[in-house]
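Student: Residue strings, one per chain:
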Amino acid sequence: QKEVEQNSGPLSVPEGAIASLNCTYSDRGSQSFFWYRQYSGKSPELIMFIYSNGDKEDGRFTAQLNKASQYVSLLIRDSQPSDSATYLCAVIGGRKSSYKLIFGSGTRLLVRP
Amino acid sequence: ETGVTQTPRHLVMGMTNKKSLKCEQHLGHNAMYWYKQSAKKPLELMFVYNFKEQTENNSVPSRFSPECPNSSHLFLHLHTLQPEDSALYLCASSQDLSGRNGYTFGSGTRLTVV
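Chains V and L are the protein sequences, given in the same order.
Just so you know, we're using my numbering here: the first sequence kicks off at 1 and counts up by one.
Just so you know, we're using my numbering here: the second sequence kicks off at 1001 and counts up by one.
To be clear, the hints were calculated from the coordinates, so they are not data collected in a lab.
Note that this is a predicted model, so its numbers are computed, not measured.
Backbone N, C-alpha and C define an ideal beta-carbon position, used for all residues, glycine too.
One or more of the hints may lead you astray.
List time: in silico EDC-like cross-link candidates among lysine to aspartate or glutamate, alpha-carbon distance up to 16 Å [stated by the list, open to error]:
no.: 1; chain 1: L; residue 1: LYS1041; chain 2: V; residue 2: GLU3
no.: 2; chain 1: L; residue 1: LYS1041; chain 2: V; residue 2: GLU5
no.: 3; chain 1: V; residue 1: LYS2; chain 2: L; residue 2: GLU1044
no.: 4; chain 1: L; residue 1: LYS1022; chain 2: L; residue 2: GLU1067
Sample of chain L residues at the chain V side, in silico, Cβ under 10 Å [as the list claims (entries may be wrong)]:
no.: 5; residue: HIS1029
no.: 6; residue: GLU1056
no.: 7; residue: VAL1060
no.: 8; residue: CYS1068
no.: 9; residue: GLY1099
no.: 10; residue: ARG1100
no.: 11; residue: GLY1106
Given only the sequences and the hints, what does the whole structure look like? Please build it.
Tutor: Below, the structure written as structure tokens:
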């Protein structure tokens, strides 16, 4: 079982729609959860992090965490073509990854004009 | 300069060459990392350094040799690489090993082994 799993996509949404990106993780003890955005040929850029169950909002982005279900999601409201990128979910602080940021393979998002 | 700076941005090397990748962070962070990113694979953690001491070697072949002279600089020395080592090599740093605020990545070095 992969430590962090994401659907590779691509997830295609029209401009202005809500994009929903999902991630599951295997280590129940994981403490901190991150979403990174990576444009083609570029390095990952941190968008959001979340530690506690529930929602965390920052502008058009909302991160959601459900530790009981071992599930993290990222919602992007009013999606723009510039949001087209690969979104990487990452976790840290579990029994296996206590001080190592472990990444999923990423979900490619395409926002159609 | 700010953030995490990596050089060179691109590198082409033969299998018998020796080269080094350089990373420098200007964030005052204490932990630094090397990751490898191959096509269609998750980022793979290679090495972890905390206060310039290596805390993790994630079963990386010895043809990759890291060096951390201080908390701000990290090198990856390469020798007798294989074509399958071609990838994007990313350096990252964090305030400490807890990584609670995430890692900051450099722009990466695109390595091609011929």
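Student: So, for every hint listed, does it hold in this structure?
Tutor: Do the hints match the structure? See the list:
1. Straight-line distance between C-alpha atoms of LYS1041/L and GLU3/V comes to about 13 Å, which keeps the hinted pair within the 16 Å bound.
2. A threshold of 16 Å between alpha carbons decides the hint, and for LYS1041/L with GLU5/V the separation of about 12 Å falls inside it, so the pair holds.
3. Distance hint between LYS2/V and GLU1044/L is fulfilled; the C-alpha atoms sit about 13 Å from each other, no more than 16 Å.
4. Distance restraint check for LYS1022/L and GLU1067/L: the Cα-Cα separation of roughly 10 Å lies within the 16 Å cut-off, and the hinted pair is therefore satisfied.
5. The interface hint given for HIS1029/L is violated, since its Cβ lies 13 Å from the closest Cβ of chain V, which is over the 10 Å cut-off.
6. A distance limit of 10 Å between C-beta atoms decides the matter here; for GLU1056/L the minimum to chain V is near 7 Å, and the interface restraint holds.
7. Contact between VAL1060/L and chain V, as hinted, is not supported at the beta carbon level, the nearest pair being about 13 Å apart and thus beyond 10 Å.
8. For CYS1068/L, the suggested interface contact is broken, since its CB lies about 16 Å from the closest CB of chain V, more than 10 Å.
9. Below 10 Å, beta-carbon pairs count as interface contacts, and GLY1099/L has one with chain V at about 5 Å; its hint therefore holds.
10. The closest approach between the C-beta of ARG1100/L and any C-beta of chain V is roughly 5 Å, which is under the 10 Å cut-off, so the hint is satisfied.
11. The interface hint given for GLY1106/L is met, as the beta carbon of that residue sits about 6 Å from the closest beta carbon of chain V, less than 10 Å.
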